[in-house]
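A.B. asks: Spelled out from the first residue to the last, the chains are:
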Amino acid sequence: MIRDAFGIIYAGEEITNLRELVDRRTVGALPIGGKYRTIDFPLSNMVNSDIRSVGVIVSRNYNSLMDHLGSGKAWDLSGKGEGLFILTPFSLRENPGVYRGKVEALKSSMDFIRRVRHEYCILAGATSIYNFNYDEMMRFHVESGSDITVLYHNVGPEHSVDELYWDVFLDLSDEQRIRGIEINPTHTHLTARSLKSYIMRKDILIYLVDECFSKGEHSFSENLIRNNVDRLRIMAFEHKGYVGMLNSVPAYFKVNMDLLGSDIRKELFSSTNRIFTKTKDSVPAKYTKSANVKRSLVANECVVEGSVEDSVLFRDVYIGKNARIKNSIILPGAEVGDDAELEYVILDKNVNVRRRSRLVGSENHPIVIGKGDVV
Amino acid sequence: MRRKKKIVAMLLAGGQGSRLGVLTAEKAKPAVAYGGKYRIIDFPLSNCAYSGIDTVGVLTQYKPLELNTYIGTGSAWNLDTMTGGAYVLPPYSVGESGEWYSGTANAIYQNIGFIEQFDPDLLLVLSGDHIYKMNYKWMIDAHAAKGADATIAVIPVAMEEASRFGIMNTDDDMLITEFEEKPARPKSNLASMGVYVFTWEKLRKYLKSDANDPDSDSDFGKDIIPTMLAAGEKLYAYEYGGYWKDVGTIQSLWEANMELLKDDPPINLYDEPWRIFSRNPNEPPHFVHEDAKVVNSLICEGCRIYGTVENSILSSGVIVERGAKLYDSIVMADTMICEGAQVDMTIIDEQVVIGKGAVVGEANDPRQTDKEIAVIAKGMEIAPGDIVAAGKEVRDDS
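Residue numbers (the working numbering), protein chains in the order written: chain X, 1 to 375; chain U, 1 to 398.
Since the hints were derived computationally from the structure, they do not count as laboratory data.
None of these values were measured; they are calculated from a predicted model.
Possibly wrong hints are sitting among the right ones.
With beta-carbon atoms standing in for the labels, derived distance ranges [what the hints assert, rightly or not]:
hint, chain 1, residue 1, chain 2, residue 2, range
1, U, G52, X, S78, 21 to 29 Å
2, U, K234, X, S78, 46 to 54 Å
3, U, T83, X, D76, 21 to 29 Å
4, X, R19, U, D263, 37 to 45 Å
Stretch-level coverage of chain U by chain X, calculated; a stretch enters the list once three of its residues show a Cβ under 8 Å from a Cβ in chain X [stated by the list, open to error]:
hint, stretch
5, 30-38
6, 262-275
7, 296-305
Quick reminder that beta carbons are idealized off the backbone N, C-alpha and C, glycines included.
This is chain U alone, in the form it adopts within the complex (with noise of 0.2 Å):
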């Protein structure tokens, strides 16, 4: 018999993340690289860590390869402890019958097994989506202080954007008395951040019902709070301030990246009680070469450095050969950028080569900052030469 455990995070890790194109093309979106030497997934686990929370089941189901091997045991976040831990919990066969996660609230509905083996009177339930810093213990604190069923947390956005949010309305006292998702006239800016708090007991009884509805996507924003709306259960918001991103395109990736070269970054990752956790590769410090260049960048272990580097933000283990030149781009671990190779504005996944003189990102102007953002999939080699255009994606067709 396991140990009561007051909560129990479920982390939903399946997510393709399909608008990050080739990048989730191998890995399910929670795995990919931010920072340098952070995976969006660091960034939830050591907020699990640090608000005190040890059990944490996370839930995966596309490519999980990548990201089971990722997380190991939790060491990495301080989860393998006596009576807690990370569990990586795939979908599984009942029986006969084989069933995929077929929604958000699905995905726990079928875990109900694990999640009772603690006996837990609430339940955190997580995106592994998002960069933000979180202290979840006051968001419980203020679920108890509430009497609430369901707490919610939410951000104010920009009231312009709030459409593309499932946005909450709700009374002077946070008590949400309406949920939109995506609304075309939003009434509110406070959208979802996709962090709940359920009163276990409460929501055992919603995926229930919702399973036995044929109708239902098991979706938390589409099915559960709206049901649980409808039934009158007391829903309240709680509001965070600080910084949080979805990196859920391209673009926005990027741009979250490029954050962290600002002089002021709007996220202070040197934070030292709440320092985000990760696996630490075992290498080197960088070396950087008498003809090398390095400006306004973020370099990682293990790198070498022959040639330039300017506003870009590199992994572990990356080299830049002599006479390369490398503008605005995020470099993924163990790539290598080859001799007079230039490159601009572009995402390279793990283990690329870019041969002798390739152009990628058609850098003729580095200073010109309005381009579309080229990507390069993981282990592709550009040919020595070889042109590849600005907001390209090369990726492995065969």
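Next comes chain X alone, as it looks inside the complex (with noise of 0.2 Å):
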């Protein structure tokens, strides 16, 4: 990259919308395309943009996301001095532990920032799953003269906006400045989304923190972007790839079912960009006489004896003689019993569907059994 820099993210943001999914791990604990968390996308679109430094901002439930991040070594992210930074909530004078947004989470990690020393910041969120290098985004920021660059998609013309969701839309000027923003607008016909991902030098973001913090104000979006659009030069950056939204029960369905499409799965896996994840020990999938697998995605450990369409099979999964399996996400150490069937389903880690049940849900609303459950 043209410039040095760490990176900061930001895995506090509590999506109730996941319901189920969420009630003991954060979003970027989240399992997803057969191997990953949530949080793997962000890291290893830092690391392949030679970023050495990461800080991980956590508020609750975190537990699930420390096991998986370890070390960092998975992400490369282990080396002396540098590496991966996991910033637990520090309770201030002026704050219970709970963050109310992520301005004062980010107060919270003020010792990590400042004893980096690296010129730039980049910030990313764990809540979408895209592959992204910020090298040219970096570039534009230097070139452009930003104070601050913010990374976007365009959702196309004929989107519809789901007020249940926390989205943030860019209005840009031809020089691509953003002039205005809507906050989780009911109508807009703005199509540039934030990704929440944000250049900026380090000094500005201290400045700009320490700022909003003392006005008693705590969110990004809302007060350190939009109270100056004016004051400073916001730029913004289009990523032009595919990106998945995970902020609800049926678009994390929806996120699953796109990796099973060739291009969008070529696209995030067979870059040159790599996405990393923790690795184990596991044995290699097997399918014995009676499996029948079409249009899937299949993790190592699985053993396949039913049939399974449509659906992604995340680590060691059983799929059980004559078990039909159709758009469905069976996440790591779930059975699925003999002659049992599933359509629109999301089974939770460990799950252990008897033989002979029946399970049916629809595109929209998939039945989400949760984490350890007998069904």
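Could you use the hints to bring the two separately framed chains together as a complex?
C.D. replies: So, in structure tokens, the structure goes:
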């Protein structure tokens, strides 16, 4: 990269629309695509952009995230002096340990931010997946004389706005300068949706966070960005590739299904920017004589005896004889008994579906079975 | 000064494994792939890790590049600890003279300096040629309990096969009375597994005197063990009852792989407390297309399957294109089977391309199983439409 940068991933976002899936984990730790967790994408994007120090801000229920990240070795982030830093909640005089917004979370992480010796900061969230290299965005940031550059993607003219989501739309000038911001609009003609990933100089970040915090302002988009669009030169940079938003159960379902399409799969997994994740010593997947699998992603250690169609099987999933799985997402360790039938179902980790059970959801309302449940 | 170790393991990984033909043309036998995601050396290294042995010297000689890269710091097997480690030990030169390892015992002899750094009580000698799960701790305990000078792991084999192995004749207490290398008329069916525990002080003495004997081949089986027996040292056999497979030939490698496809495979790779460690490539889950058919097979991550795969084992990153058919075959990493190609009873090494419509292993009748196994060497390209006969070896002749 043309400038020296460190990364911060904000994994403290809470998305209650993901219901049971985030009961015991943060969105960053959400299993996705058969073997990944959401945070693998922003982390790999940073590593692929030659960023050597990354702080991950967590706020609640971060056990499974910490377990996944470990020392950061899987992302090559365990070098001497640099690497992965997990920034756990820090009880300041002013806050009781739960962040009221990203500004407060950044304020709590100031020790880390001041200590890292890099001029620029790249911020990203952990609620969407995309494969992106920050090199060009940094070049744009420097060459356009930008104070803050916001990454966005174009949702197209016919997008629908769902008021349940916390979406930020950007109003852009011809030279890509941000003139205004609409936060969570019910109707908008804007099509540039912010990916909540930013580049700015570290000293600007520190100044703006301190300023917002001193005024009791906690929202990054609302306060730190929107209130400064006239005072600062805030530019936007477009990511033209695929973006998978994980902001509700149907959206989570759709993103997994998107990965069954060859173009999106190729873009996310076969490009030169590889997505890294913690690997395990798992046995190759086994198909028995009665297996019948079509258009599916299957991770290691699965044993498939039944039929599976348009589905994603994570590690160590067992599909019994004559079981029929269609349009479903089965998280690690789940077991589906003989003759069971699943359609539009998300089974969380270690769920056990007894033989001859039948669960049928729909595309917009997939059935979610919580971690460890027996059906 | 390094800390004293009770035991140091030395893993003999320098063998060519010439009976594996083109599969070992560019790599040593312990680096040969098995079961889709493993290499043979994963087994002894994982056994060491689970047996609490953290100091392992890996003796390499023949085509060591792939093996050295694979072992790295040994972190994949939890061997990158503060006081232990995996040490790759190639032959080195001393003063004016450089010397290859002339035999298994000579390889250890040349590394006495390495071993002495740890001042061990015992030396465990392993070979990197076999697939097995074994807790060396129990064997080490038996060694101590008997007050042995050497303990040799043995496995009962069928009497009619015994003449292919090094056979131990023992008394009722498992004290070895005689060792016969490939006897024509075996008196016992206890075959040596190539796993030895030595009391280091004793072995060092015999290694040194062996080095002064110009007529010796400096081989454990041929020279050291018979000499120790003749000198009246106490050598005990330790009987091992589990799965142990020498994958020294194309046929046995193929069989060992195919055994994993049985409903109840003889070796349990799912064993939670004894999970075989290996380097795990960072690949997405494998993808099976709507036109694909996959039955009775093992498939690794990173594969993309658009064609038919039956009774086969695919390592990571293998692509089987539309209309391609694969039967009874073993395909190693990053190989591509192009559209309409047909492969039967074949072991295909890494990074091979089987061209469009090519026929490998004459797949006229996929149900016929007594055919010979064809082998395609690493990096070869079979031209579109080419035919490779059953049992043929394809290698780069240039």
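A.B. asks: Count residues of the stretch 296-305 of chain U with a Cβ under 8 Å from any Cβ of chain X, then say if the count reaches three.
C.D. replies: Three-residue rule met by the stretch 296-305 of chain U, so holds; n is 6.
A.B. asks: Taking the beta carbons of T83(U) and D76(X), is their distance inside 21 to 29 Å?
C.D. replies: holds, 25 Å
A.B. asks: The hint says 21 to 29 Å between G52(U) and S78(X); measuring C-beta to C-beta, is that right?
C.D. replies: holds, 25 Å
A.B. asks: Are there three or more residues in the stretch 262-275 of chain U whose C-beta lies closer than 8 Å to some C-beta of chain X?
C.D. replies: holds (count 4)
A.B. asks: Residue count check for the stretch 30-38 of chain U against chain X: does it reach three with CB-CB under 8 Å?
C.D. replies: holds (count 3)
A.B. asks: For the range 37 to 45 Å, tell me whether the beta carbons of R19(X) and D263(U) fit it or not.
C.D. replies: holds, 39 Å
A.B. asks: Within 46 to 54 Å or not, the Cβ separation of K234(U) and S78(X)?
C.D. replies: Holds: the Cβ-Cβ distance is about 48 Å, inside 46 to 54 Å.
In terms of the numbered hints stated before, the structure departs from none.
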